[in-house]
Every structure is written in C-alpha cells, then in structure tokens.
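Student: In order, the protein sequence lines correspond to chains S and G. The first sequence runs 1 to 393 under full-length UniProt numbering. The second sequence runs 1 to 364 under full-length UniProt numbering.
The set of hints was computed from the structure by calculation and includes no laboratory data. You may find that some hints are simply not true.
[What the hints assert, rightly or not] Partial chain G-side listing against chain S, Cβ under 8 angstroms, derived:
| hint | residue |
| --- | --- |
| 1 | Thr102 |
| 2 | Glu104 |
| 3 | Gly128 |
| 4 | Ala130 |
| 5 | Gly151 |
| 6 | Pro249 |
| 7 | Ala251 |
| 8 | Ala252 |
| 9 | Gln258 |
| 10 | Gln300 |
| 11 | His304 |
| 12 | Ala320 |
| 13 | Gly325 |
| 14 | Ala333 |
| 15 | Thr337 |
Glycine included, every Cβ here is placed at the ideal spot set by N, Cα and C.
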Amino acid sequence: MHLHLTAEDAAFQQQMREFFTTQVPQDLRQRWAAGGEPSADDMRQAQRILNEAGLAVPHWPVEWGGKEWSQLQRHIYLQEMQDASVPPPLAFNANMVGPVIAAFGSQELKERFLPPTANLDIWWCQGFSEPNAGSDLASLRTSAVLEGDEWVVNGQKTWTTLGQHADWIFALVRTEPDAPKKQMGISFLLIDMKSPGVTVRPIQLIDGGHEVNEVFFENVRVPADQLVGERGQGWTYAKFLLGNERVGVAPVGSIKRRLADAKSYAAATRDGNGSLLDQPLVAARIAELESQVAALELTVLRVAGNSKEGKPDPVSSILKLRGSQLQQDVLELIADIAGPASLEWKRGDDSETEAWAALATPTYLNFRKASIYGGSNEVQRSVIASAILGLKG
Amino acid sequence: MDFTFDDEQKALRDAVRDLAGRHTPASSGGDVPVGPGKHDAAAWSAIADMGLLGLAFGEDVGGAGASAVELSLAATELGRGRLVTAYADAMVAAELINRAGTAEQKAAFLPDLLDGSSLIVPALAEPGRAWSLAAYDVTAEGEGDSVVLTGTKEPVPYADVATHLVVTARAGDRTGVYLVADPQVSGARVHFDATPAIQLGSLDDAPAAIEAAVNLGILAVVSEALGAMDAALPMTVEYLKTRKQFGVPLAAFQTLTQRAADMYVSLELARSTVLFTAMALADDPLDSAAASRAKVQVGQSGRHIGQEAIQLHGGIGMTAEYAVGHYTARLTAIEHTFGDTRWHLARLSASLRDYEQVEVLRPA
Ligand SMILES: Cc1cc2nc3c(=O)[nH]c(=O)nc-3n(C[C@H](O)[C@H](O)[C@H](O)COP(=O)(O)OP(=O)(O)OC[C@H]3O[C@@H](n4cnc5c(N)ncnc54)[C@H](O)[C@@H]3O)c2cc1C
Numbered sequence: 001m002h003l004h005l006t007a008e009d010a011a012f013q014q015q016m017r018e019f020f021t022t023q024v025p026q027d028l029r030q031r032w033a034a035g036g037e038p039s040a041d042d043m044r045q046a047q048r049i050l051n052e053a054g055l056a057v058p059h060w061p062v063e064w065g066g067k068e069w070s071q072l073q074r075h076i077y078l079q080e081m082q083d084a085s086v087p088p089p090l091a092f093n094a095n096m097v098g099p100v101i102a103a104f105g106s107q108e109l110k111e112r113f114l115p116p117t118a119n120l121d122i123w124w125c126q127g128f129s130e131p132n133a134g135s136d137l138a139s140l141r142t143s144a145v146l147e148g149d150e151w152v153v154n155g156q157k158t159w160t161t162l163g164q165h166a167d168w169i170f171a172l173v174r175t176e177p178d179a180p181k182k183q184m185g186i187s188f189l190l191i192d193m194k195s196p197g198v199t200v201r202p203i204q205l206i207d208g209g210h211e212v213n214e215v216f217f218e219n220v221r222v223p224a225d226q227l228v229g230e231r232g233q234g235w236t237y238a239k240f241l242l243g244n245e246r247v248g249v250a251p252v253g254s255i256k257r258r259l260a261d262a263k264s265y266a267a268a269t270r271d272g273n274g275s276l277l278d279q280p281l282v283a284a285r286i287a288e289l290e291s292q293v294a295a296l297e298l299t300v301l302r303v304a305g306n307s308k309e310g311k312p313d314p315v316s317s318i319l320k321l322r323g324s325q326l327q328q329d330v331l332e333l334i335a336d337i338a339g340p341a342s343l344e345w346k347r348g349d350d351s352e353t354e355a356w357a358a359l360a361t362p363t364y365l366n367f368r369k370a371s372i373y374g375g376s377n378e379v380q381r382s383v384i385a386s387a388i389l390g391l392k393g
Numbered sequence: 001m002d003f004t005f006d007d008e009q010k011a012l013r014d015a016v017r018d019l020a021g022r023h024t025p026a027s028s029g030g031d032v033p034v035g036p037g038k039h040d041a042a043a044w045s046a047i048a049d050m051g052l053l054g055l056a057f058g059e060d061v062g063g064a065g066a067s068a069v070e071l072s073l074a075a076t077e078l079g080r081g082r083l084v085t086a087y088a089d090a091m092v093a094a095e096l097i098n099r100a101g102t103a104e105q106k107a108a109f110l111p112d113l114l115d116g117s118s119l120i121v122p123a124l125a126e127p128g129r130a131w132s133l134a135a136y137d138v139t140a141e142g143e144g145d146s147v148v149l150t151g152t153k154e155p156v157p158y159a160d161v162a163t164h165l166v167v168t169a170r171a172g173d174r175t176g177v178y179l180v181a182d183p184q185v186s187g188a189r190v191h192f193d194a195t196p197a198i199q200l201g202s203l204d205d206a207p208a209a210i211e212a213a214v215n216l217g218i219l220a221v222v223s224e225a226l227g228a229m230d231a232a233l234p235m236t237v238e239y240l241k242t243r244k245q246f247g248v249p250l251a252a253f254q255t256l257t258q259r260a261a262d263m264y265v266s267l268e269l270a271r272s273t274v275l276f277t278a279m280a281l282a283d284d285p286l287d288s289a290a291a292s293r294a295k296v297q298v299g300q301s302g303r304h305i306g307q308e309a310i311q312l313h314g315g316i317g318m319t320a321e322y323a324v325g326h327y328t329a330r331l332t333a334i335e336h337t338f339g340d341t342r343w344h345l346a347r348l349s350a351s352l353r354d355y356e357q358v359e360v361l362r363p364a
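This is chain S alone, in the form it adopts within the complex (with noise of 0.2 angstroms):
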C-alpha cells in the first residue's frame, strides 16, 4: 500500500492539469461549468482538441489512439479534465460505441468509423431503450429484416439522449424474432440518422429542457455491413458496453467540483451579518458530503470497475449506485443553498440573482435521471445482489 503519488503520476497530474486548464478555452469552460443545456458546438471543439493531443479516448486499444495507463493515470485523467470544467469526450462515442467496434468489429468498421468517433466528427446517439423495453432490455422489438445486401428496420426507440445533433445511431435490433430466449437474436447495427425513413421527435423534460428525444424507423434500408460483430450477438455486446457506461458514471471530479462551487456559493450567501456557510447545519451537510465522495473516489481507485472481455465487472454497480446518489445529494444542496433564489428559473435581463441560484432547481430536477438512465439504481443493486453476494432473487 502507498498513500503518496509516485513522482511519475504526480508528474502525470501537473501534466493533465496544465493542458485542461490552458489548452482548452476558458470561455467555453466557463460555459460548461455554469450547467445548463450543453453546447454541441463546445463539445466538439472540446473533444477535437483533446483528440489532437492523444487524450480523447485514452482507454481505447492503442492502435486506435488509446494510452495504456494505468486505472489511476485514468481517474487522474478524468478528475482533472471534470475539475477544469472540459466537456468531457460524448459518452456515447468515447465510451460506448468506440469500444464495441474496437472489441468486435471487423477491421473494415474499425477503420471506417473509429478515427471519425475519436474526433467527433461523427455524433453518435444510443438506441437501445423503446417504450416497452427500459430496464428490460432484453423485450426490445425493433426488427432488422435481411433483404438481400441491406438490413430494413422497423421500430422505435425512445429516450435517445442529444439525437437531435447526432449523426448516426447503434441501435440494438431483433434479428431473429424466432430465438428461444429474449436476450438471443439482438443485434449491434449502426445507422445513418439521415437514412430515409428515420425520424426525430422531441420529448420535453421536467426542467424545461430537451435532450431526449424518440427515434422512429420506418423500412429504413441499412447495409449488411453496418452490423458489428456477429449476427445474434448484440446482447453480449450491449452487456459489454453497459459495463463501460457504468464506469463513466461515477464521476468523481465533478461531484468533487460542484461541491467546492456550493461551498463558494455558501460563503457568498448572505445570511444575517454572517453568510451560510457559518451555517452549523449547512456547513455540516457539506463536511459530510465531503466525506461521502472521499469514501466513493477511494473506492473507485481500490476497485475500478473494469469490463473484462465483454463481461461487466460487478463492482462497477457500486460507482454507478453511489456515483448517482452523491451526484443528486450535492445538486439538492446547492438547490438548498439558493433557497429563495431557486424559485426563479429564467432570470430577467436586470436581475440581480446569481445565474448558478436560478439553474440550481432545474439542475437538481433534471438530475433526478441519474438514478434511472444506463441501468436504474435499483437494478444496480440487483446486480451487486445477485452476481456479488450470490443472492439470487
């Protein structure tokens, strides 16, 4: 056991830290800490100047532009480019598709699609959920029918997070509706959004906001060779990425950083002739927050959850269970901290309330997904009941 960073990994760190913080600009930083809808022209801009410098997918296969670091270069990594305020590289390129088609792929898609994935010239966006199959995946009933060279599709997805700036979307169809169980018979297929018979419809959500949206397919013709990997075997794919999605849930750097911002916001709070953070009870709730994410960024470094040859590790349902939670917990309190403030949403253009007091109530509300989108908390905790303590239900 070691408590101190080597020379060679603090090195690592001032490196990281100084590249985030001077290559990257400000102003668009400033934009991404300051929350709200995302920018996609920032995050391609961000995710291009990481990708020119090496560091846009470091955890792909080295041929295809990844590093091979160690877990804690990689959470190093990851804490300084959230602690910067960087978009981080779009989850469902870096994070989900890229590694499939590095994993599975033929050589051909890798070559076709990996390089424009790293460097964001292509969006990808996720279709896996459908109105009847959320957190059973495994009913999904988009069909995939071979007609000749080209698979025609019919269905529809929903819940597909930023399609309205994607380019493509891998989506998990029925290829063979006649397999004897659900989970057999789905395959991994990338499509073109422009495809004839693709069409977007927006879904509003609670914070008045939209990033998701529903995917329809309407006899829309894909190539045969747009199905990655083996035909029948996207569940092991899907298993696969999920696993990886996990892992990029628990994101330590930015709890870590919208906690020190509610303790700025505390201390810039007036309260009597004093301000909130000499608050016993809300200096107390963020001491114990503190701890709580120390404990959670301990256990990412003793545990990181790795997805081992297309089987999720298990231990990867602990950072995404409390990784959501913390998550929550810290957007509440700074919500809480805004107290009165909250109440105003849209800010006038003369008003004096402080941009991050009206975001904090449209911020916690829409963070209420975390605990649902890439596998519920609840079947988290099936997960780390069943495959870890053998308690099957």
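On the provided structure of chain S, position chain G with the ligand as indicated by the hints.
Tutor: Just chain G with the ligand, lined up with the frame of chain S:
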C-alpha cells in the same frame, strides 16, 4: 383533539376539489407548463368568487369568518389540482395588512384583496441573501405618509401580476412593513428607488405581524404540498400496477412495493402534521414552533415522495408531459418558500432549552 372534518368542511373541500379539477393545467400534449408558472388568472377569479381568499379572515374586514383550518383544507385541494396561483402569497399579504395595519389601512386594502379585486403579494426575499424574516438591504426612510423605500427585492413571486406589494424594509435597525402600489417590476425583481410607500402600523408591531403572516403562508404551502403528495402517491401506485417489465407488472417487485409503502408512511406523517398545524395556528397564529415543525416534516416528506415518485416511474417520470414531475417541481419550490427545512430546523434548534418534551396535547 379531533382530526375529522365536519359536514361544512367536507362540503368546502368537495367544492374546492371540483373547482381545482376544472382548472388543472394540462399534463399532456400542447405546451406543457414547466418551472415557476405564470399566475393562472382564470383559476384566480374562480378562487376569489368562491370566497377562498377570505376563509381565515373576520367578516369585519371582508373575510368569511372561518379559520386557518378551512384555509388549509382549500389549499390542499389547490395543490392536488396543480393550480399555479398566488394563493399562499396573497394570504401572507392579507395577514400582514390585517395584523400590522391600522383600522383605516385594513379598511382601505383588505376587502379588495379578499374579494379578488386587487392582487397583493409580499416582497420578502432579497437577492444574494438567505431566507430571513428581517429585511437588510431594502431600507425605509421617513415616517407616516412620506416614507420612501430603496433597494431590491428578488425573487418576488407573482410580482408581475400584483397590483400592490407588501414589502419588508429596514428602518434603522428594525424591520417594518410597507405597502407599495403599482410597483416597478421586471420579471421577479422589484427595484425601489426612493419609491413612495405607506407604512403599515408601527415598527413595534411589525415583527409579530411578519411572524404570524409567514406562519399562515407556511400553512398554505404545506397544505398545497399535502395535496400534491396525496396525488403523486396514488399515481405512482397505479403505475406500479399497470407498467409491465420482465413480463410482469412492476408491482411484482417487492423492492418497489415496499418503497411505495414508505411513501405512504411519509404522506400520513405529513398529513397529521399539517392538520395539527392548521388547528394550532387557528388557535394561536404565533405558534411558530408548530409552523416550523410542519415545514420540516413536509420538506422531508415532500422530497422523499417527489423523488421516489419520479424514480418508480422511471424515464416517463422525467418528462414534462407527465404530471408526476410537476408535483415534484412544485414540492421542491414549496420547500424553498417561506424558509426551507434547514432554516426551520435552525429556528427550532435555537429554542431547545425552553422546554423539556415536545407536546401536542394541549388543555383548552
Ligand atoms: C434522461 C434520460 C436519458 C436517457 N438516455 C438514453 C439513451 O440515450 N439511449 C437509450 O437507449 N436509453 C436512454 N435512457 C433510457 C433509460 O435507460 C431507461 O429509462 C431505463 O432503462 C429505465 O427504463 P424505463 O424508463 O422504461 O423504466 P422501467 O423499466 O419501467 O422502470 C420503472 C421503475 O421500476 C424499476 N424496476 C424495473 N424493473 C425492475 C426490477 N426487475 N426490479 C426492481 N426494480 C425494477 C426501475 O428501476 C424504475 O425505478 C434514458 C433515460 C432518461 C430518463
């Protein structure tokens, strides 16, 4: 102590439930309202016409001569119906005028407020400041008929539709209560720049008036919250029965049904507390401990029920087109209105040495 409603109260409840049902905002299709909504003028005149603004006020000032209990009962139904109105705010303004104002001031302003011909709301919050009953940065100068106010209040919910504001302002080192007609409003911000105002009553009476008025506002919002929770829980229960995943209704998963049971526990604790607080404030409008305990319990129940209602609905609970999120948004706003859970806990903490046990049974 008796928690049952009499026939008159039941009739009132049913009538308000009916009214609220007719004005419930759409939760599907079209332009779904999210966030702090615009004051619903049609609902407001229905509320005024039914006499709901005057429930807690005496007939001598144009009220209905009922009590805080009836006000609470009505507010519960407005919350259940997801009505976006200034009900609680107007009640605070009315009580401020009623308690702080002179006889002439009451006669001049209260009847119009209570019959709905004017809309008066309180301006209490100051930008960059935590919730407080005292004013700090908005100051009052002068006396009697020549008072002027300077400074900014924000946010002032419903300021944009108000005909008058009742403003707390600092006079020397004390906080007074002032009435301003035709305020300069920009969104939820009100700016005073040597703005003429009427001082309501005396500085000596102001602190108690503010406390009593905010207590009444608290009763109105915790009652609204009770209505919202009372609607969000059955919606969730119904959803667990009908939504199928893995070939069975969600209600087949015990982990979910047990959480619905916990929500029910939270709801009933809140209901008891709200009903008790209504009676306690009807008896003593300055029973701030009761008001604070209600705010704490409803703050915690509201957060629990709102969060769980969304979580148990899954993705659909996040959408603007589904009412469960509207309830949660409203519960969140209520928690931050008239002091949040933390503020009320702090107020209760400050008086722990004054009593040995918490008492709810009181001799007549
Ligand atoms: C903002 C947002 C963005 C999203 N983005 C995407 C995206 O880009 N692409 C995509 O494909 N999907 C996306 N999703 C979909 C997400 O993955 C699903 O919402 C999620 O899988 C839950 O499914 P559901 O909404 O149908 O809820 P349901 O599965 O109906 O679940 C409802 C409730 O029941 C619980 N539950 C269900 N089954 C069980 C069980 N067996 N045991 C215990 N509890 C259970 C759930 O945990 C939940 O609390 C997104 C969702 C949201 C809210």
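Student: Grab the minimum C-beta distance from Thr337 of chain G to chain S and call the hint holds if it beats 8 angstroms, violated otherwise.
Tutor: Where the cut-off is 8 angstroms and the nearest Cβ of chain S is about 7 angstroms from Thr337 of chain G, the hint holds.
Student: Identify whether the interface hint at Gly128 of chain G stands, where standing means a beta carbon of chain S within less than 8 angstroms of its own.
Tutor: Interface hint status for Gly128 of chain G: holds (6 angstroms vs cutoff 8 angstroms).
Student: Restraint: Gly325 of chain G near chain S, CB-CB cut 8 angstroms. Satisfied or not?
Tutor: Gly325 of chain G check passes; min Cβ-Cβ to chain S is 4 angstroms, inside 8 angstroms.
Student: Was the hint right that Ala251 of chain G lines chain S, CB cutoff 8 angstroms?
Tutor: violated (14 angstroms)
Student: Could you check if Ala333 of chain G really has its C-beta closer than 8 angstroms to a C-beta on chain S?
Tutor: Cβ of Ala333 of chain G sits 6 angstroms from chain S, so the hint holds.
Student: Can you verify the interface hint for Gly151 of chain G: is its Cβ closer than 8 angstroms to any Cβ in chain S?
Tutor: violated (10 angstroms)
Student: Take the shortest C-beta to C-beta distance between His304 of chain G and chain S; is it under 8 angstroms?
Tutor: Where the cut-off is 8 angstroms and the nearest Cβ of chain S is about 12 angstroms from His304 of chain G, the hint is violated.
Student: Would you settle whether the hint for Ala252 of chain G is holds or violated, based on the nearest Cβ-Cβ distance to chain S being less than 8 angstroms?
Tutor: violated (11 angstroms)
Student: Would the hint on Ala130 of chain G stand, with a C-beta cut-off of 8 angstroms toward chain S?
Tutor: holds (4 angstroms)
Student: Less than 8 angstroms between beta-carbons is the criterion; does Glu104 of chain G satisfy it with respect to chain S?
Tutor: Glu104 of chain G check fails; min Cβ-Cβ to chain S is 32 angstroms, beyond 8 angstroms.
Student: Does Gln258 of chain G pass the interface hint, meaning its C-beta sits closer than 8 angstroms to a C-beta of chain S?
Tutor: violated (12 angstroms)
Student: Are Pro249 of chain G and chain S close enough, Cβ to Cβ, to be under 8 angstroms, as the hint says?
Tutor: For Pro249 of chain G, the interface hint is violated, since the closest Cβ of chain S sits about 12 angstroms away, which is over 8 angstroms.
The earlier numbered hints that this structure contradicts are 1, 2, 5, 6, 7, 8, 9, 10 and 11.
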